[in-house]
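Please arrange chain B on chain A, whose structure you already have, making use of the hints.
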Amino acid sequence: MTDCKLCSLEEYLKLIEHEEITYAQPHKPAIPGHVLMIPKQHVAIIEQIPDEEFGKMMVQANKVSMALFESLQAQGTNIIIQNGISAGQKDPHVCVHVIPRREEDGLNFLWVPKTLNEEEMSTIELRIKENLTVQLKPKEVEPPKPEKVTDDYLLKQLHRIP
Amino acid sequence: MADMSPEQVEELKEKLKNMSPEELREFQKKQCIFCHIVAGRAQAKKVYEDEHCIGILDINPANPGHVLLLPKEHYAIMPQIPDKEIMHLGITAKKLSHALLRALHADGTNIFIANGVVAGQKAQHFMIHIIPRKEHDEVGIDIPEKLLSKQQLQQVKQHILPSIAKSLGARLQEQPVAVEQVSPKEQSAVPAPRHEPREVVIEDTPRKAQPKAPKKEHPKKDQTKDEDVTLDDIADLLGGS
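These protein sequence lines map, in sequence, to chains A and B.
Last residue of the first sequence: 162 (our numbering), numbering continuous.
Last residue of the second sequence: 241 (our numbering), numbering continuous.
Only chain A is shown next, with the shape it has when bound in the complex (with noise of 0.2 Å):
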């Protein structure tokens, strides 16, 4: 995509290319050494990524954050995934966050919990189970369908020989 900005890496400095995401350190970072991981494929949203491929993802987002701890002695990481413009996501192209951490980086991530009553809790529960059942049933598989008998006259002649 032309316009995309992490599709062309306008604002971001590219460390490295490897299986079909490319690895970059944006010009504007949360702290240095933060990292960003770009599928190359233009895919706006998470559930656009297909199952395995987002699974090895989370995998590669490990490893960077294992680099980071080493290489930077970081204190501990976060991964983070802004899935949609009210999650916070810029571009419409998905990337994983990963940040190292340090005491007192003048980072805070941490959010003010909100708090529910046992109603809502069992609402929400119920919601989730539900639309989780839907997705996750068993796709229906349908019962082979009897193989068509060719008119083959070759065929006959077999049956004819006694």
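For each label pair, taking beta carbons as the anchor points, the in silico distance ranges come out as:
| no. | chain 1 | residue 1 | chain 2 | residue 2 | range |
| --- | --- | --- | --- | --- | --- |
| 1 | B | SER149 | A | PRO50 | 34 to 42 Å |
| 2 | A | ALA44 | B | LYS17 | 48 to 56 Å |
| 3 | B | ASP50 | A | LYS114 | 26 to 34 Å |
| 4 | B | HIS36 | A | HIS42 | 38 to 46 Å |
| 5 | A | GLU103 | B | GLU14 | 21 to 29 Å |
Among chain A residues calculated to face chain B with C-beta under 7 Å, some are:
| no. | residue |
| --- | --- |
| 6 | ILE16 |
| 7 | ALA30 |
| 8 | ALA67 |
| 9 | ILE80 |
| 10 | LEU116 |
| 11 | ILE124 |
| 12 | ARG127 |
Far from chain B by the CB rule (all over 10 Å, computed), these chain A residues:
| no. | residue |
| --- | --- |
| 13 | ASP3 |
| 14 | CYS4 |
| 15 | LYS5 |
| 16 | CYS7 |
| 17 | SER8 |
| 18 | LEU9 |
| 19 | GLU10 |
| 20 | LYS40 |
| 21 | GLN41 |
| 22 | VAL43 |
| 23 | HIS93 |
Calculated directly from the structure, the hints in this document are not laboratory data.
Please read all numbers here as calculations on a predicted model, not as lab measurements.
For every residue, glycine included, the Cβ atom is placed at its ideal position computed from N, Cα and C.
Just chain B now, with coordinates in the frame of chain A:
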């Protein structure tokens, strides 16, 4: 743990020191509330369960529907988890994200992992947070932006790229000259040229005692600049942010 006297704390520390890794792990599991939830000994609102992991609602959610996805096995941080399990957790997280979008009519989701206390990890059991988001919900997982100069970015790149390539099992595209600089930052007797063919003999300059942290064992260094980038330079960058 908060109710223990100083003597009890010391006794426990001593006990922990002498434990084998397996004993330590068993001890951690006994203390871990999430292991109790997995075992069914503690209550939680389970929205998902399979052979390897469970998804429960967070009782202190960032937003209604905030799900915690935990491996059933006790792991403290992600680097301890085998790749196969991470893959499964990733696929499950994606499914849960989809479920939240549909079930709760969310506008988006955050997938958030905290490795280590400084990163915001609150429990000793690894988990993936899947948080449904709506417009103007003020959840606050915003990633700030700070402008770095090209030189600073290059410095960081030099430092992290070899580790990342090694960790991924990837080849570095640029195969620059690897003239091993044995001498520290200050001028050596024979300054190393910027680019040379690999066959050139490593310069035999005397090693001087240096107070700085020892370099990592990377045989190839991306020497696009003449200066050597050390951990102190990176630490300054990080300290300055």
